[in-house]
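Participant: Add 15 to the 1-based position in the sequence shown for the working numbering, that's all there is to it.
One should not assume that every hint holds.
[As the list claims (entries may be wrong)] Below, computed lysine to any residue pairings styled on SDA-like, alpha-carbon distance capped at 25 Å: (1) 78 with 153; (2) 78 with 30; (3) 78 with 88; (4) 78 with 43; (5) 78 with 47; (6) 78 with 61; (7) 78 with 157; (8) 78 with 45; (9) 78 with 56; (10) 78 with 58; (11) 78 with 95; (12) 78 with 42.
By construction, these hints were calculated from the structure, which means they are not laboratory data.
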Amino acid sequence: MAAQPTSRPGSSESQADDLLILLAVARTGRFTTAGESLGVNHTTVSRRIAALEQALGGRLLAKAVGGWELTELGRRAARAGEGIEFAIAGLSSETDSPEHELSGVVRMSATDGFSAYIASPAVAGLQRRHPRLAVEIETVTRRVRQYRSGLDIEVVVGEPQVHRASAFLLGEYVLGMYASRDYLAERGIPASVEELTRHPLVYFVDSMLLVDDLDAPRRLVPTMRDSISSTNVFVHVEATRAGAGIGFLPCFMADRHDDLVRLLPERFAERLPYWMVLRPDSLRLPAVAAVADALRAQTAGYERELLGRSAV
16 MAAQPTSRPG
26 SSESQADDLL
36 ILLAVARTGR
46 FTTAGESLGV
56 NHTTVSRRIA
66 ALEQALGGRL
76 LAKAVGGWEL
86 TELGRRAARA
96 GEGIEFAIAG
106 LSSETDSPEH
116 ELSGVVRMSA
126 TDGFSAYIAS
136 PAVAGLQRRH
146 PRLAVEIETV
156 TRRVRQYRSG
166 LDIEVVVGEP
176 QVHRASAFLL
186 GEYVLGMYAS
196 RDYLAERGIP
206 ASVEELTRHP
216 LVYFVDSMLL
226 VDDLDAPRRL
236 VPTMRDSISS
246 TNVFVHVEAT
256 RAGAGIGFLP
266 CFMADRHDDL
276 VRLLPERFAE
286 RLPYWMVLRP
296 DSLRLPAVAA
306 VADALRAQTA
316 GYERELLGRS
326 AV
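Please put together the full structure from these sequences, using the hints given.
Facilitator: Printed below as a string of structure tokens:
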């Protein structure tokens with residue numbers, strides 16, 4: 016929906032437009048950002064949301080840290096908006112070129128490493144055949160959302176417990192302990208778990224870790240003190256390369272760097288699954304199904320890197 020709604024206020028067409036406006040606010044969390052995506056100003060967004068609340072007889076949005084969140088009534092209304100969006104996309108697909116070119120925007124979320132090394136090349140390959148296809152990737156490391164308004168695809172670590180959604184196992188990856196060659200030359204190479212625990216750990220911020228499957232260092236080496244902690248795995252890699260300590264890193268990211276050495280691979284080889292979650296209505300969209308298939312194929316083709324290589 017790119018243009019400002021022109022339907023007569025109070026009409027069924029107007030309420031359909033208002034549901035799509037609500038959906039935009041649900042996806043962005045802000046009136047201003049939603050308005051920019053729709054080609055209207057934030058006062059128009061606010062006015063149309065207020066009109067929809069009056070028509071439906073209740074609050075649709077609640078103020079939260081960092082933006083707006085849907086109320087229970089708002090979630091039901093947003094699902095109706097998604098139904099309208101799905102119907103519009105279905106009409107658009109019927110007018111595609113004879114080559115069945117895919118178009119539109121697919122919205123997904125995934126971890127930093129998966130987004131960079133699997134999702135990005137998978138989408139780029141798909142776009143070479145379908146240049147009208149756009150994909151928005153939100154990089155997060157969290158549990159799957161129980162209400163996934165605004166996202167067509169979620170890729171998460173660990174098997175998700177979901178309702179009214181489909182979950183597919185994409186593949187597995189391995190985490191290992193790594194240190195830089197310069198760090199080991201200065202501090203020595205740990206030959207046992209006991210020696211390794213004397214070194215500082217580079218990993219996630221413990222208090223902000225939202226995925227239980229990623230708590231392995233706290234379980235395997237609970238006495239390691241934290242060095243540099245971050246919510247971003249690229250920071251883990253670069254901090255380890257800079258000599259901040261021993262990093263617990265995805266092998267498919269660490270093995271790309273010749274200055275990193277894997278330590279005690281027989282003791283530290285945490286194997287974790289990537290799962291893909293899709294809403295049933297999203298999966299019926301050709302563009303979403305194509306992106307999902309591309310992610311499956313790219314993950315399968317990247318299996319050797321995901322499982323890592325032995326220590327250097």
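Participant: Run every hint past the structure and note whether it holds.
Facilitator: Evaluation of the provided hints:
{"no.": "1", "hint": "78 with 153", "verdict": "holds (22 Å)"}
{"no.": "2", "hint": "78 with 30", "verdict": "holds (22 Å)"}
{"no.": "3", "hint": "78 with 88", "verdict": "holds (15 Å)"}
{"no.": "4", "hint": "78 with 43", "verdict": "holds (13 Å)"}
{"no.": "5", "hint": "78 with 47", "verdict": "holds (14 Å)"}
{"no.": "6", "hint": "78 with 61", "verdict": "holds (13 Å)"}
{"no.": "7", "hint": "78 with 157", "verdict": "holds (22 Å)"}
{"no.": "8", "hint": "78 with 45", "verdict": "holds (10 Å)"}
{"no.": "9", "hint": "78 with 56", "verdict": "holds (19 Å)"}
{"no.": "10", "hint": "78 with 58", "verdict": "holds (16 Å)"}
{"no.": "11", "hint": "78 with 95", "verdict": "holds (21 Å)"}
{"no.": "12", "hint": "78 with 42", "verdict": "holds (14 Å)"}
The structure meets every hint from the earlier list without exception.
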